[in-house]
Amino acid sequence: MSRSIDIKLRVNGENVSATVPARLNLVDFLREELCLTGSHVGCEHGVCGACTLTVDGDTVRGCLMLAAQANGKEITTIEGLADSGQSTALQAAFTKRNALQCGFCTPGMLASALGYVNAGGAADRDAIRQHISGNYCRCTGYQSIVDAICDVIEETRT
Amino acid sequence: MKAPDFDYLRPSSLDAALAMLAEHDGEAMPLAGGQSLMPMMNFRVAAPEALIDLADLTELRGITVDAGTVRIGAMTRYAELMSDATVQAHIPLIGMALPHIAHDAVRNRGTIGGSLALADPAAEMPALMLALDASIEVTGPDATRMIKADDFFLGMFETALDGELITAIHVPVATPAQRFGFHELTQRHGDYALAGVAIAQTDDSYRAAFFGVADRATRVPELEAALKRQDDMKVVLTYLDQIDFTDDLKANHTTRQRLAGVALTRTLKGMTA
Ligand SMILES: Cc1cc2nc3c(=O)[nH]c(=O)nc-3n(C[C@H](O)[C@H](O)[C@H](O)COP(=O)(O)OP(=O)(O)OC[C@H]3O[C@@H](n4cnc5c(N)ncnc54)[C@H](O)[C@@H]3O)c2cc1C
Ligand code: FES
Ligand code: FES
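Protein chains in written order, with the numbering used here: chain A, 1 to 158; chain B, 1001 to 1273.
Note that these hints are calculated values from the structure, not bench results.
Fair warning: there could be bad hints in the mix.
[To be verified] In silico BS3-like links for lysine-lysine, alpha-carbon gap of 30 Å or less:
(1) A/Lys73 / B/Lys1002
(2) A/Lys96 / A/Lys8
(3) B/Lys1002 / B/Lys1148
(4) A/Lys8 / B/Lys1002
(5) B/Lys1234 / B/Lys1269
(6) B/Lys1234 / B/Lys1250
[To be verified] Label pairs and their in silico Cβ distance ranges:
(7) B/Ala1085 / A/Cys35: 40 to 46 Å
(8) B/Met1082 / A/Asp83: 28 to 34 Å
(9) B/Met1082 / A/Cys35: 33 to 39 Å
(10) B/Ala1225 / A/Asn98: 55 to 61 Å
(11) A/Asp56 / B/Asp1005: 23 to 29 Å
(12) A/Gly141 / B/Asp1056: 43 to 49 Å
(13) A/Cys35 / B/Gly1062: 38 to 44 Å
[Stated by the list, open to error] To list a few chain A residues with every Cβ distance to chain B over 12 Å, as calculated:
(14) Arg10
(15) Ser17
(16) Cys35
(17) Leu36
(18) Thr37
(19) Ala82
(20) Gln86
(21) Gln91
(22) Cys102
(23) Gly103
(24) Ala123
(25) Arg138
(26) Gly141
(27) Ser144
(28) Thr158
Just so it is clear, CB atoms sit at the ideal spot from N, CA and C, and this is done for glycine as well.
Make a model of the complete structure from these sequences and hints.
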């Protein structure tokens, strides 16, 4: 029956095989089946960015992709970004700059920010704001998040 | 909310996909990037019996240039369009518009074919296709046909597709006689536009396509004629009266008409600078 699908993928460097219902979102699969609860679920329609993760190196919305569509893909969640050290500098800068309060937006914000930094984005406040415009934060007012991202870019390029 | 249950089908060829589409007789929907379809299903405004994932259809991929036309496969993602050298060289208007479409994470999955098939009245791509005088290549079980962008968008979320898939988009290569302009007004970067316009100017003729203003992307022939005559801007703007502007929670029709005028004025200034 095509309502349950067999998938094979890599998650944070590990091979995973599973049989998933067709309607299961990627982010729900990661949270509920694999207990990787770092990616958060806010709106479930692509607007808040809390579920942002990377698929084959590109940031995507975990709520707008089916687990079935992830067959054969390499998924990296915030757990993977943190364990591999990719997000260490950003995490330290977020802490230093008070760029998180409740932390709900933080995993998605870090994934988006990392996309910007890795693409060689400039320490330009307007460009950073534009880049993170798809990630909602209801606590910080964004100012400190922009500060943290700027810090990391300035540190790594000097 | 979560989407209602459905079958997930993953054909490996265009023919197989078309056969599945016909077999489900209107109850199945093609899945491209899912950046509009997934939210629609999660909101339960769409509840297809089956999704036909187009991801493996190599027929819907690739960007090629032939005889003065760029052919863009329907499954080309926004992010691929942004970084493609052919598109950058031959369709400058696409590069001007893309940064305004959604956000990185959405552009990494959303496709040009999906945007055109959806025909959201506030989307940029349909207006771009009108301004560029593009043609949409669509394939059904029996034949492939080319539909002019001018004849493709029939209303809000309504197109000329009839049990068919968009296979590619054909855009004329920009010539030295052409200039392009784009401007949109939004509440927040990456949001759908409250009003926007895409313009292609060839010598003294204009194709100006407005979006976010009415039930579909819209050209106003009298306004384009006024631009050609180089009428005073005050006169040009009076032809916006011919658009049936949308009223919604974000802006009423008066505001939208003003914003369309602002977008047009700014775009033209940018082009002549
Ligand atoms: C947060 C957010 C912000 C956004 N902001 C913008 C914006 O500013 N401007 C904008 O234009 N869009 C915006 N979008 C929508 C985005 O551009 C979508 O990606 C696009 O509208 C649909 O492309 P898709 O490939 O994701 O198609 P899907 O969502 O997969 O499909 C859309 C529709 O097209 C049909 N379809 C798809 N491919 C084909 C085909 N080849 N042939 C026939 N039918 C097909 C599907 O059945 C469905 O009905 C936004 C989306 C999100 C989540
Ligand atoms: S939960 Fe995916 S964008 Fe909000
Ligand atoms: S820290 Fe609370 S939402 Fe961003």
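Structure-based check of all given hints:
no.: 1; hint: A/Lys73 / B/Lys1002; result: holds (23 Å)
no.: 2; hint: A/Lys96 / A/Lys8; result: violated (39 Å)
no.: 3; hint: B/Lys1002 / B/Lys1148; result: violated (37 Å)
no.: 4; hint: A/Lys8 / B/Lys1002; result: holds (23 Å)
no.: 5; hint: B/Lys1234 / B/Lys1269; result: holds (14 Å)
no.: 6; hint: B/Lys1234 / B/Lys1250; result: holds (26 Å)
no.: 7; hint: B/Ala1085 / A/Cys35: 40 to 46 Å; result: holds (43 Å)
no.: 8; hint: B/Met1082 / A/Asp83: 28 to 34 Å; result: holds (31 Å)
no.: 9; hint: B/Met1082 / A/Cys35: 33 to 39 Å; result: holds (36 Å)
no.: 10; hint: B/Ala1225 / A/Asn98: 55 to 61 Å; result: holds (57 Å)
no.: 11; hint: A/Asp56 / B/Asp1005: 23 to 29 Å; result: holds (28 Å)
no.: 12; hint: A/Gly141 / B/Asp1056: 43 to 49 Å; result: holds (44 Å)
no.: 13; hint: A/Cys35 / B/Gly1062: 38 to 44 Å; result: holds (40 Å)
no.: 14; hint: Arg10; result: holds (18 Å)
no.: 15; hint: Ser17; result: holds (17 Å)
no.: 16; hint: Cys35; result: holds (19 Å)
no.: 17; hint: Leu36; result: holds (18 Å)
no.: 18; hint: Thr37; result: holds (17 Å)
no.: 19; hint: Ala82; result: holds (19 Å)
no.: 20; hint: Gln86; result: holds (17 Å)
no.: 21; hint: Gln91; result: holds (20 Å)
no.: 22; hint: Cys102; result: holds (21 Å)
no.: 23; hint: Gly103; result: holds (19 Å)
no.: 24; hint: Ala123; result: holds (18 Å)
no.: 25; hint: Arg138; result: holds (15 Å)
no.: 26; hint: Gly141; result: holds (15 Å)
no.: 27; hint: Ser144; result: holds (19 Å)
no.: 28; hint: Thr158; result: holds (25 Å)
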